[in-house]
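Asker: So the protein sequences, as listed, match chains A and B. For the first sequence, numbering that gives the first Met the number 0 begins at 0 and goes up steadily by one. For the second sequence, numbering that gives the first Met the number 0 begins at 0 and goes up steadily by one.
Think of the hints as simulated: they come from the structure by calculation, not from any bench. Among the hints, erroneous ones may be present.
Copies of the same chain are indistinguishable here, so a pair counts whether it falls within one copy or spans any two.
To be verified - Derived EDC-like pairs: lysine to aspartate or glutamate, alpha-carbon spacing no greater than 20 Å straight-line:
1) K4 - E123
2) K4 - E147
3) K183 - E213
Protein chains: 2
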Amino acid sequence: MATRKRVTAQDVARLAGVSRTTVSFVLNNVTDMRISEETRQKVLEAARLLNYHPDAVARRMVTGRTRVVGFVLRQSPEQAFADLFLPQVLNGLSQAAARQGYQVLFEPIPPDQPNTMYSRLVNERHVDGIILSGPRFDDEDLLRLHREGAPLVLIGRLPDVEIPYVDVDNIGGARMATEYLIQKGHRRIGLITNAPLSYTASAERLSGYRQALEAAGLAFDETLVRYGNFTPHSGYQAMAALLQVRPLPTAVFVASDTVALGALQAIRHAGLRIPSDISLIGFDDIPLAGFLDPPLTTIHLPAFNLGWEAAEMLLQRLSAEEATPPYRLLATHLVERESCAPPRKS
Amino acid sequence: MATRKRVTAQDVARLAGVSRTTVSFVLNNVTDMRISEETRQKVLEAARLLNYHPDAVARRMVTGRTRVVGFVLRQSPEQAFADLFLPQVLNGLSQAAARQGYQVLFEPIPPDQPNTMYSRLVNERHVDGIILSGPRFDDEDLLRLHREGAPLVLIGRLPDVEIPYVDVDNIGGARMATEYLIQKGHRRIGLITNAPLSYTASAERLSGYRQALEAAGLAFDETLVRYGNFTPHSGYQAMAALLQVRPLPTAVFVASDTVALGALQAIRHAGLRIPSDISLIGFDDIPLAGFLDPPLTTIHLPAFNLGWEAAEMLLQRLSAEEATPPYRLLATHLVERESCAPPRKS
DNA sequence: TGAAATTGCTAACACGTGTTAGCAAGCGTC
DNA sequence: GACGCTTGCTAACACGTGTTAGCAATTTCA
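Put together the whole structure using the sequences plus the hints.
Answerer: Written as structure tokens, this is what we have:
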């Protein structure tokens, strides 16, 4: 089938016996133009008859706005792979955007091609603004874009840069997790990070862990800290290393449920039981956390809200030139399941 | 900061001392137009100096093609929520699209608003074509769109409709899983579906299960079949019910890893051990399958390829008017881990 | 030397819409 | 009866680009 000619506003005008301008006024409900009810109905009828749909491209051309926001995923491959709540973030983002008539252009950065210039999204006017997840601080492209005044919102913090962002309260969440273990009576608490400390979120979670220790008068012991790398495999290795330390920690805070999955396996392989031999608390509350063995106590991360708030911030920036709150930290909460218990009496 | 005026090709032309037409020819590398090397360099230099970026909207206006494909997610909320490999599908889709210079517009259908007309994506020319995941057969909008000749590719089959689709070989995968259990020596094999049978994929997996039984000369026993509903919770209930049947099945094929997670928990709660008391095989091979207890033997579903192939099919349809293969079934393979063993000698 | 071909460039149209300025007719007012 | 006001509509411009047709200058050829 050959592609049919598009039905334009001109065709509608012809059928209704009016000018194209009138068609535009009627269909856009322009109120300050006087259109008689009679011609209004004629136009609407003609549009219905011809199955007319206004061309979004032409509309963007003349209005200067695309009503599209770009969602750029700058995560490393492992991270994106392990990022089980990406769908949730995307969902929140889309719904917030849709509510205001915006669409979402999805732009992941392919792993083998790190210098894809996503800045073209704005420069070539594919989108009105960008939400960028997983910003890296060596991202020259990003900083330049921001200097040029492009509307940007980050998901995840970037230190020493005044780009608006929305993020989880990593410090608060990590402190909450650690305090929970302390309150259970633990004094020797290990930490496995979610990723290397070059990732802001990892450093923040470590910081929250230390704050909680300090507040309880417990010494920070570097030998109890190991580093994950997004994957269950890295969690397995980190926990295996931690199990060599003597005396053993009685509890471990694993700053990512996905990494915790590997830690669980390492503990099983060592013949220890959770929580009787060792307590474990996670971070993220992935959808499956409640169905692990044992069900994992963890810090819930508001993935949907993360996307929603990012979109809201960007759209506010787009609609008005008003200064918007430059950042927003989302609260976490603890989900108590069965992986934590008081330490065994020694 | 007021929004700066856009730099247009006209500005570049002025600076280079040539016409706008020439600028267009140079920047688009139009070969059959004779442009001297000297002016070519002048234009390139001017464009560089002004940081010129061609306006995608204007370009779409004149070429008539948006170079954007829509990805519509029509899944039910529970399904989308449990769909742990959506990121993978999206990744494959994006990479295939990017390779040919296309972008991806992400359009989930909000659960509370099922009749959002995603057909507007095509009619209003936001996109050149649509990839739709999780088609429902009562979707009038979809059928009309197809009748109107809109370029469509489905992820997931729709019975009795000739819309091009790409799907997993559910029947083959389910047969493979069941045959594996039979080959281990099992004769009494249960089935927990991934979803109600109104979903094509569920019906197909049931069908593959029956084929394998039949080929081995085993009777199909309806009392050994239970129905999941995407979630771990539904898997828990289905398995709990199955554990009431006497004699117990010695193995169960759970047609979704996510559902299998609940089944695992039910078996644990019943005080049985896997695989010594009962064998379990899953479907999907979610990223975490290898880190469950025990590591789950399962059928790998090529999520990345699903997205990739869908995009390839759509783009081929868009680039040429040639008839493309109307559908494509992707092969699965079995990933052997530790949740299956021969049945206990009775 | 004149005609024909080639080289290097440009004017002008088209894409489909939103919107401003303005026009004709009808109506009321002094 | 002339003037102004309201009503209802339209002509024309602008958005920024790709592309066709064609034009002037130069070179080639007989």
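Asker: Within a copy, between copies, both or neither: which one fits K4 and E123 at a CA-CA cutoff of 20 Å?
Answerer: between (27 Å within a copy, 13 Å between copies)
Asker: Between the shortest in-copy and the shortest cross-copy C-alpha distance, which are at most 20 Å for K4 and E147: within, between, both, or neither?
Answerer: Answer is between: at 12 Å across copies they meet the 20 Å cutoff, but 40 Å inside does not.
Asker: Is it within, between, both, or neither for K183 and E213, if the alpha carbons may be no more than 20 Å apart?
Answerer: within (16 Å within a copy, 56 Å between copies)
Every hint from the earlier list agrees with this structure, and none is contradicted.
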